[in-house]
Structure formats: structure tokens, C-alpha cells
Amino acid sequence: MITVLINVVAPVLLMATMGTIIARIRQVPSHSISQVTLYIFSPALVCHSLIHTALPTEELGQIALYSGLLALALYTVVLMIGKVFSLSHSTRSAFYLTTLFMNAGNYGIPMSLFAFGQEGMERAIVFFVVQATLAGTLATYLASRSHLNTRQAFRAVFKIPMLYAGIAGLVMNLLGYQPPAVFGQPLKILGGAAVPCMLIVLGIQLSGAFSLREYKGLLAVCLIRLVLSAVVAFLLTWALNITGLTQQVLIIVSAMPSAVYTIILATEFRSRPEFVTNAVVATTILSAVTLTPLITLTKLLADP
1 MITVLINVVA
11 PVLLMATMGT
21 IIARIRQVPS
31 HSISQVTLYI
41 FSPALVCHSL
51 IHTALPTEEL
61 GQIALYSGLL
71 ALALYTVVLM
81 IGKVFSLSHS
91 TRSAFYLTTL
101 FMNAGNYGIP
111 MSLFAFGQEG
121 MERAIVFFVV
131 QATLAGTLAT
141 YLASRSHLNT
151 RQAFRAVFKI
161 PMLYAGIAGL
171 VMNLLGYQPP
181 AVFGQPLKIL
191 GGAAVPCMLI
201 VLGIQLSGAF
211 SLREYKGLLA
221 VCLIRLVLSA
231 VVAFLLTWAL
241 NITGLTQQVL
251 IIVSAMPSAV
261 YTIILATEFR
271 SRPEFVTNAV
281 VATTILSAVT
291 LTPLITLTKL
301 LADP
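So in my numbering the end of the sequence shown lands on 304, straight run, no missing numbers.
Careful, some of the hints might be misleading.
Computed spacing ranges between beta-carbons, pair by pair [what the hints assert, rightly or not]: (1) 56 <-> 210: 16 to 26 Å; (2) 117 <-> 32: 28 to 38 Å; (3) 27 <-> 235: 39 to 49 Å; (4) 227 <-> 83: 15 to 25 Å; (5) 285 <-> 22: 16 to 26 Å; (6) 27 <-> 243: 39 to 49 Å; (7) 32 <-> 180: 24 to 34 Å.
Taking lysine to any residue and the SDA-like style, the derived pairs with C-alpha atoms no more than 20 Å apart in a straight line are [what the hints assert, rightly or not]: (8) 188 <-> 211; (9) 299 <-> 114; (10) 299 <-> 118; (11) 299 <-> 10; (12) 299 <-> 238.
The hints are simulated quantities; they were obtained by calculation from the structure and are not laboratory data.
Note that beta-carbon positions come from the ideal geometry of N, C-alpha and C, so glycine has one too.
Input sequences plus hints: build the corresponding full structure.
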């Protein structure tokens with residue numbers, strides 16, 4: 001477990017901490033860096049990885065199906081909690097955002113790379129593409145609730161650059177087409193910049209104020225996002241007969257902290273943005289404690 005902490009979790013948190021430090025010292029705005037990462041580096045990483053992935057089509061379909069079922073299972077849990085405790089629409093929306101959508105990009109991809117290598121990262125990227133699509137549709141609906149514009153939610157899907165990159169990479173992979181060096185080399189180099197930039201952006205975005213005023217709600221979010229999600233992930237992978245490295249990666253990325261993107265949605269649609277921000281910070285901090293034993297346990301799945 002100590003080895004996992006030092007070799008896997010610590011490097012990820014160290015790189016994110018660098019972003020937090022530079023944001024505090026130099027007041028670096030995250031917007032510009034995140035835009036470059038979102039529109040250039042991340043799509044390049046997704047496209048290049050899917051072009052060269054050796055994952056069979058059946059396994060790609062399993063990951064996509066798993067992602068949808070995980071969101072459905074967690075939605076059901078939060079729906080029951082909301083009814084039992086009579087939560088308001090805004091609070092319920094905040095719970096949906098912070099529990100259903102994990103930081104599969106900025107955090108999950110680097111963590112999978114450090115924990116399971118290139119093959120693990122490829123599987124995390126497929127999961128991330130599906131999650132990005134859900135974030136553009138389901139997350140928008142859950143954030144807006146009563147004043148949803150369906151057309152805007154539908155359009156949001158087609159504004160996600162990773163979606164196009166994922167489709168392009170998958171099509172080229174299925175056709176066995178390798179892009180010429182004039183395109184392939186830039187894709188590889190730009191994609192290589194994605195992981196460090198993701199972590200720096202994560203650190204910058206988490207450098208703001210943090211409050212424990214609603215500690216009970218934050219505790220509930222942390223338990224669902226970091227613990228219950230891992231349990232649900234194990235049960236789903238078992239039910240879908242997903243084994244080996246794919247099972248390990250899916251369990252890990254499913255237990256990532258709340259997605260930073262949910263802060264933007266909560267602010268836009270007034271779904272308790274302060275609570276959502278605090279939940280993102282709290283789950284990210286506590287993930288250092290939960291992910292270390294979880295990665296150790298998942299590695300035991302491969303070496304019983």
C-alpha cells in the first residue's frame with residue numbers, strides 16, 4: 001500500500017499541488033490553460049490513444065454500457081436519499097452533480113496512467129469520452145432541472161471536442177488506418193502535454209476558498225462518490241463479466257472525486273454552487289486517503 005501511495009497517488013497529487021501553489025503565488029487564471037487543454041491537448045490525447053489502442057470492439061462496448069449503468073445506479077441512490085430527507089430541488093441537483101459525475105479526465109486519466117500504464121490509460125480514456133458526453137447532456141439537465149432548454153442540452157453534446165476526437169480515433173482504429181506522420185506526430189506530442197496540463201489545471205481550479213459549514217451534506221457526497229461508487233463499480237463489473245485490467249481501471253475511475261466541470265454547471269444554473277465547489281474540494285482531498293487502498297485492492301484482483 002505504501003508503494004502505491006508513493007508511486008501512484010503522490011505523483012498525481014504533487015503535480016496538482018504545483019497548480020495550486022502557482023495560482024496562489026502568481027494568481028494564474030485557469031481559464032486560458034483549461035481552454036487550451038480542453039480544445040487541443042485532451043482531444044489530441046483521446047484521438048491518438050484510440051487510434052493506437054488494441055482494445056477489441058466488444059470491450060469498448062462493455063465500457064460504454066458500464067458507464068451508463070453506473071450513472072443510473074448512482075442516480076437511483078441519490079433519488080432515494082432526496083425523497084427520504086425531503087431535499088429541495090436545488091440541493092438535490094447539487095447532490096446529483098457531485099455524485100454522478102467524477103473527475104475522469106483531469107484526475108482519472110493521469111491516475112490510470114501511473115497505476116496501470118499505457119493500457120490502463122487507454123481504458124480510462126474510453127470511459128472519459130462517455131462521461132464527457134453524459135456531462136454535456138444529463139449533467140446539464142440535472143443542473144437546470146425546472147428551467148432546462150432541451151435544445152441547448154442537445155447542442156452541448158456537439159460542443160465537446162473530445163467527442164469528435166473520440167469518434168475520429170475510433171473510426172480510424174476500426175478501419176486500420178494510420179494517419180501520416182505530418183498529422184500523427186503532432187497528435188502524439190500534443191497528447192503528451194494533456195496529462196500534466198490536466199493536473200495543473202485541477203490544482204489551479206481547487207485553489208479557492210473551502211468551507212465545512214455543511215459538513216453533513218459534504219460527508220454524504222464523499223461517502224457516495226469515493227466509497228459507494230467503488231462498491232457499485234465492483235458489482236457492475238462482476239455482473240457484466242468485466243475482468244482483468246479493464247475491471248481494475250473501471251473501479252478506480254469510478255471512485256474519482258467529483259468533477260470540476262460540475263462547478264461551472266452549478267454556477268450557471270444556480271444549483272447550490274458553493275456546496276458543489278466545497279464538495280469537489282472535499283472529495284479531491286479525501287481521495288488521497290481512499291484511492292491508495294482501493295488501487296492496492298484492485299491490483300489484488302489481478303494477483304489473487
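Status of each hint after checking the structure:
1. The hinted range of 16 to 26 Å is not satisfied by residue 56 and residue 210, whose Cβ atoms lie roughly 43 Å apart.
2. The hinted range of 28 to 38 Å is satisfied by residue 117 and residue 32, whose Cβ atoms lie roughly 31 Å apart.
3. Taken as a hint, the range 39 to 49 Å holds for the pair residue 27 and residue 235, whose Cβ atoms sit roughly 45 Å apart.
4. Take residue 227 and residue 83: their Cβ atoms lie about 21 Å apart, and the range 15 to 25 Å holds.
5. For residue 285 paired with residue 22, a C-beta distance near 19 Å keeps the hint of 16 to 26 Å intact.
6. About 48 Å separates the C-beta atoms of residue 27 and residue 243, a value consistent with the hinted range of 39 to 49 Å.
7. Checked against the hint of 24 to 34 Å, the C-beta distance between residue 32 and residue 180 comes to roughly 31 Å, which is consistent with it.
8. For the hint pairing residue 188 with residue 211, the CA-to-CA distance comes to about 41 Å; that exceeds 20 Å, so the pair is violated.
9. Pair hint residue 299 plus residue 114 holds up; C-alpha atoms about 13 Å apart against a cutoff of 20 Å.
10. Proximity of residue 299 to residue 118 is assessed by CA-CA distance (about 16 Å); at most 20 Å being required, the pair is judged to hold.
11. Under the criterion of a C-alpha separation no larger than 20 Å, the hint pairing residue 299 with residue 10 is consistent with the structure, at around 17 Å.
12. Distance hint between residue 299 and residue 238 is fulfilled; the C-alpha atoms sit about 16 Å from each other, no more than 20 Å.
Checked against the numbered hints above, the structure violates hints 1 and 8; every other hint is satisfied.
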